[in-house]
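> Starting from the given sequences, assemble the full structure and let the hints guide the process.
Number of protein chains: 2
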Amino acid sequence: MSTVTTLSTINGVNVEQLGANISAIQGEAGLAKFQFRATNTWINGGHNRTTIKEFYGVGKEDTTRTEPFVLDADEPPVLLGEDHGANPVEFVLHALASCLTTSMVYHAAARGIKIDSIESRLEGDLDLRGFLGISPDVRPGYKNLKVNFTVKSDATSETLQEMTKYSPVFDIVTNPVPVAISVNSQNDN
Amino acid sequence: MSTVTTLSTINGVNVEQLGANISAIQGEAGLAKFQFRATNTWINGGHNRTTIKEFYGVGKEDTTRTEPFVLDADEPPVLLGEDHGANPVEFVLHALASCLTTSMVYHAAARGIKIDSIESRLEGDLDLRGFLGISPDVRPGYKNLKVNFTVKSDATSETLQEMTKYSPVFDIVTNPVPVAISVNSQNDN
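The listed protein sequences derive, respectively, from chains H and V. Residue 891, in the working numbering, is where the first sequence stops; the numbers in between run on with no holes. Residue 891, in the working numbering, is where the second sequence stops; the numbers in between run on with no holes.
Derived from the structure by calculation, the hints contain no laboratory data. Treat the hints with caution; some may be incorrect.
To be verified - Interface residues of chain V toward chain H, partial, derived using beta-carbon atoms under 8 angstroms:
1) Ser710
2) Gln737
3) Thr765
4) Ile815
5) Val849
6) Pro870
Glycine is no exception: its CB is placed at the ideal position from the N, C-alpha and C atoms.
Right, dumping it as structure tokens:
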């Protein structure tokens, strides 16, 4: 390893800071409250754009991000789009993969377990009849998801698998989240 | 409007092709089966990268994408990352926003309803004690999500809201999806 690391960093995670954060939150649960935010603008057809910058956490509004993250979604031609970006359900695969990976990395760091590499491959099966509304018994979303990890680490497969249960996106996908949608339609013709 | 449109395009969606796709799927349900895929590689700490290219749908492997979409996820400094990208739960907001928007656009097009603009703002509340594993009664994922849409369209708010129920990501977030995770840990020290 050519990178310079201090004893307090494992898997690229500052474990002293992680421990300090955990202690602070144990002392004051309100510090654990986060609110993440996004705004999205439709462009045309299946193409739309999300902007992500501000969030609330650790008792205050974050001010460290100077530029927003800008994310384009679209559909491939076979789904009548122009492929300006991955499609929404493909972004779910990215969210799940990245969250499971980070959960392994952080929880391993907290336990003093070094990880050398993590690769994953995801597959999600979806029946378009749900989205199209032509089969009321077919769900619009993924019928099932498979995630295969290959990890180089001193941890056993069982330990790494157990760490994935802390993943927020794994929880969001495998359990119901209440979503309140409001629509304000303005006709200015 | 300065763009040239044909009668068969509404909201940027080719409704003739949409109708043809629906007819084809009604005749042969297997054409509706899609499989989306992603691979992810851990980089360091909270930073990892997803590559998305191939998928299966309409009875065959897609060959239209010549380059993959490459997506970086990371955590902000307050969550011990280096902010190389939005974080996994922020990507869930993007996936949800983009999918709800596309569901409105496509279903409105199928019904002959023109939409002029769609903007949305999303907020998700998350208690970090779930991810940290310090409160077993706190879920790791979002406690709740709010989505506020402002739409310019001839459709009523009620009609647009009804269209969101066809969104695959709305279904994924609000209902359970089975996720099978396998971990192969190799210790080559």
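> Could you run down the list of hints and mark each one as holding or not?
Hints, one by one, checked against the model:
1. Ser710: violated, 11 angstroms
2. Gln737: Hint on Gln737 of chain V: holds, closest Cβ of chain H at ~5 angstroms, below 8 angstroms.
3. Thr765: violated, 10 angstroms
4. Ile815: Violated. Min distance 10 angstroms.
5. Val849: holds, 5 angstroms
6. Pro870: Status holds, d = 4 angstroms.
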